[in-house]
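Q: Sequence:
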Amino acid sequence: MREDIYKGHEQKYLKATVLVGLDPSFTVKAHIMMPEDQAFNLLSYILNFHFFDDEAEKMYAKSKFYDEPDIYFYFGELKKGTLTFAFYGLSGSGKSTLTHEMYDGKYDITVLHDDAFIISREDGSSVALEPSYFDKTHDYPAGHHETKYYTTIMNCDVTLDSNGKKVIVTEDLRNNNGRVIKTRYTSPHRVDFEKSPITALF
Numbered sequence: 086m087r088e089d090i091y092k093g094h095e096q097k098y099l100k101a102t103v104l105v106g107l108d109p110s111f112t113v114k115a116h117i118m119m120p121e122d123q124a125f126n127l128l129s130y131i132l133n134f135h136f137f138d139d140e141a142e143k144m145y146a147k148s149k150f151y152d153e154p155d156i157y158f159y160f161g162e163l164k165k166g167t168l169t170f171a172f173y174g175l176s177g178s179g180k181s182t183l184t185h186e187m188y189d190g191k192y193d194i195t196v197l198h199d200d201a202f203i204i205s206r207e208d209g210s211s212v213a214l215e216p217s218y219f220d221k222t223h224d225y226p227a228g229h230h231e232t233k234y235y236t237t238i239m240n241c242d243v244t245l246d247s248n249g250k251k252v253i254v255t256e257d258l259r260n261n262n263g264r265v266i267k268t269r270y271t272s273p274h275r276v277d278f279e280k281s282p283i284t285a286l287f
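Residue numbers for the sequence shown follow my numbering, beginning at 86 and rising by one.
Treat the hints as calculated values from the structure; they're not laboratory data. Check each hint, because a few of them may be wrong.
Claimed, not checked - Only pairs whose alpha carbons sit at most 27 Å apart, straight line, appear in this in silico DSS-like list of lysine-lysine:
id, residue 1, residue 2
1, LYS147, LYS114
2, LYS100, LYS114
3, LYS221, LYS250
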């Protein structure tokens, strides 16, 4: 760590604070710092979580206190590292694809989140940790209705359409693991807190 501090002592850094958790029953304040040339990654991080604005500060101030040490340092992957501090989850198991499928309106669906949520052991309620979604692009071909909810895109190719307009190539043709930050509005029945306890896991 001393070596990294020395190597970066003349470099300019950007910093931000976000709120992980979208209900006062569970929130974590996360601070992030990265080199100035990584501004796009910082923007994606802020869009994925809840930027620590006045609204977030009020929620954090009235949130439930947990008797846990609350200062951790992590050097590495941004989103995964942040969420690992807050909860544990699976990756690449089809959560997003299944969650955002509306099944032609056949079912009454309420979406808490496709990935980042916790379940209370006390009452079974659930709290979403992020307002947006960090999804793989490979499952959404060009022109798919989900693409209109993209805010930032990472690790994807770009091509020109017949009109010379730049369009993204969502399939993993050259680069693996294309990712996107998708706004919460992709889920028309989105909630941040679900009081009803979980009764089944699939």
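Q: Are the Cα positions of LYS147 and LYS114 separated by 27 Å at most?
A: 13 Å, holds
Q: Is the hinted pair LYS221 and LYS250 satisfied, with a Cα-Cα distance of at most 27 Å?
A: 23 Å, holds
Q: For LYS100 and LYS114, compute the direct alpha-carbon distance and say whether it is at most 27 Å.
A: Answer holds: LYS100 to LYS114 is near 13 Å, not above 27 Å.
Every hint from the earlier list agrees with this structure, and none is contradicted.
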